[in-house]
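Student: Protein chains in written order, with the numbering used here: chain A, 1 to 112; chain B, 1 to 114.
Careful: at least some of the hints might be erroneous.
[Claimed, not checked] Below, a list of computed lysine to any residue pairs in the SDA-like style, where the Cα atoms sit at most 25 Å apart:
| # | chain 1 | residue 1 | chain 2 | residue 2 |
| --- | --- | --- | --- | --- |
| 1 | A | K55 | A | G104 |
| 2 | A | K3 | B | G59 |
| 3 | A | K59 | B | G3 |
| 4 | B | K78 | B | R110 |
[As the list claims (entries may be wrong)] So these bits of chain B aren't anywhere near chain A, every CB distance computed over 12 Å:
| # | residue |
| --- | --- |
| 5 | P8 |
| 6 | Q17 |
| 7 | N52 |
| 8 | R64 |
| 9 | S73 |
Bear in mind the hints are in silico, worked out from the structure with no lab data behind them.
Quantities reported herein were computed from a predicted structural model and do not represent experimental measurements.
A virtual CB, placed ideally from N, CA and C, is assigned to each residue, including glycine.
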Amino acid sequence: SQKIEQNSEALNIQEGKTATLTCNYTNYSPAYLQWYRQDPGRGPVFLLLIRENEKEKRKERLKVTFDTTLKQSLFHITASQPADSATYLCALDEDAGNMLTFGGGTRLMVKP
Amino acid sequence: DAGVIQSPRHEVTEMGQEVTLRCKPISGHDYLFWYRQTMMRGLELLIYFNNNVPIDDSGMPEDRFSAKMPNASFSTLKIQPSEPRDSAVYFCASSLFPPGDGYTFGSGTRLTVV
Numbered sequence: 001s002q003k004i005e006q007n008s009e010a011l012n013i014q015e016g017k018t019a020t021l022t023c024n025y026t027n028y029s030p031a032y033l034q035w036y037r038q039d040p041g042r043g044p045v046f047l048l049l050i051r052e053n054e055k056e057k058r059k060e061r062l063k064v065t066f067d068t069t070l071k072q073s074l075f076h077i078t079a080s081q082p083a084d085s086a087t088y089l090c091a092l093d094e095d096a097g098n099m100l101t102f103g104g105g106t107r108l109m110v111k112p
Numbered sequence: 001d002a003g004v005i006q007s008p009r010h011e012v013t014e015m016g017q018e019v020t021l022r023c024k025p026i027s028g029h030d031y032l033f034w035y036r037q038t039m040m041r042g043l044e045l046l047i048y049f050n051n052n053v054p055i056d057d058s059g060m061p062e063d064r065f066s067a068k069m070p071n072a073s074f075s076t077l078k079i080q081p082s083e084p085r086d087s088a089v090y091f092c093a094s095s096l097f098p099p100g101d102g103y104t105f106g107s108g109t110r111l112t113v114v
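For reference, chain A alone in the conformation it holds in the complex:
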């Protein structure tokens, strides 16, 4: 099965800066990769999905890249705000089906 690595240490950045979070995986390349946001006491909320044949996807201040050679996805939040503070999870399908394996998440803290 996939092993997914996200930086377990919290990422602290200043408001207005760009936050960059990393997701690395082993084994085969997934058909698609997803990013979720999770706030304390809440369930994860879907943010973006990127397919294996896509190198980059954008949605408002969010940008996701997918490098199947490096087996890595980068998640960027531009012009970060304190409201962006949360834990961000990446997830990959196991076998081109609909079964997701989640990484451990990275906690982002945006300071005003």
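Fit chain B to the given chain A structure using the hints.
Tutor: Positioned in the frame of chain A, the structure of chain B alone reads:
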């Protein structure tokens, strides 16, 4: 749609008791997933259903856990007997396939077994 609805939000029970967690998925979604989240192990998939049929239950820790989906709008996860190590937050999620809009998660049930 009100989203994925889970009940109860919190459950405190004594070791050895039966616990039943409930989930109502989003109408029209044909996949339903049960995950468990702990600090040590993160989000772990327990079981998932497609069109009410269990597809993969390899994540169910042991025979004390069972899940059912009697119809498209309801699923249960049962633990009998419960043990302190079952304490975690249990999430239900639903989706379409292909998952263009990802999974929609419920708010979770925080289970504490004392």
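Student: Now, for every hint given, state plainly whether the structure supports it.
Tutor: Hints versus structure:
As the CA atoms of A/K55 and A/G104 are separated by approximately 23 Å, the hinted pair is consistent with the 25 Å bound. Between A/K3 and B/G59, the direct Cα distance comes to roughly 15 Å. Compliance with the 25 Å bound is thereby established for this hinted pair. The hinted pair formed by A/K59 and B/G3 meets the criterion: a straight-line CA distance of about 22 Å does not exceed 25 Å. Taking the CA atoms of B/K78 and B/R110, the gap is about 14 Å. The hint holds against a cut of 25 Å.
No beta-carbon of chain A comes within 12 Å of the beta-carbon of B/P8; the shortest separation is about 14 Å. Non-interface call for B/Q17 relative to chain A: holds, since the shortest CB-CB distance, roughly 24 Å, exceeds 12 Å. Distance check on B/N52: its Cβ is at least 15 Å (rounded) from any Cβ of chain A, clearing the 12 Å threshold; non-interface status holds. Even its closest Cβ contact with chain A, about 23 Å, leaves B/R64 beyond 12 Å, as expected for a residue assigned away from the interface.
Distance check on B/S73: its Cβ is at least 19 Å (rounded) from any Cβ of chain A, clearing the 12 Å threshold; non-interface status holds.
Checked against the numbered hints above, the structure violates none of them.
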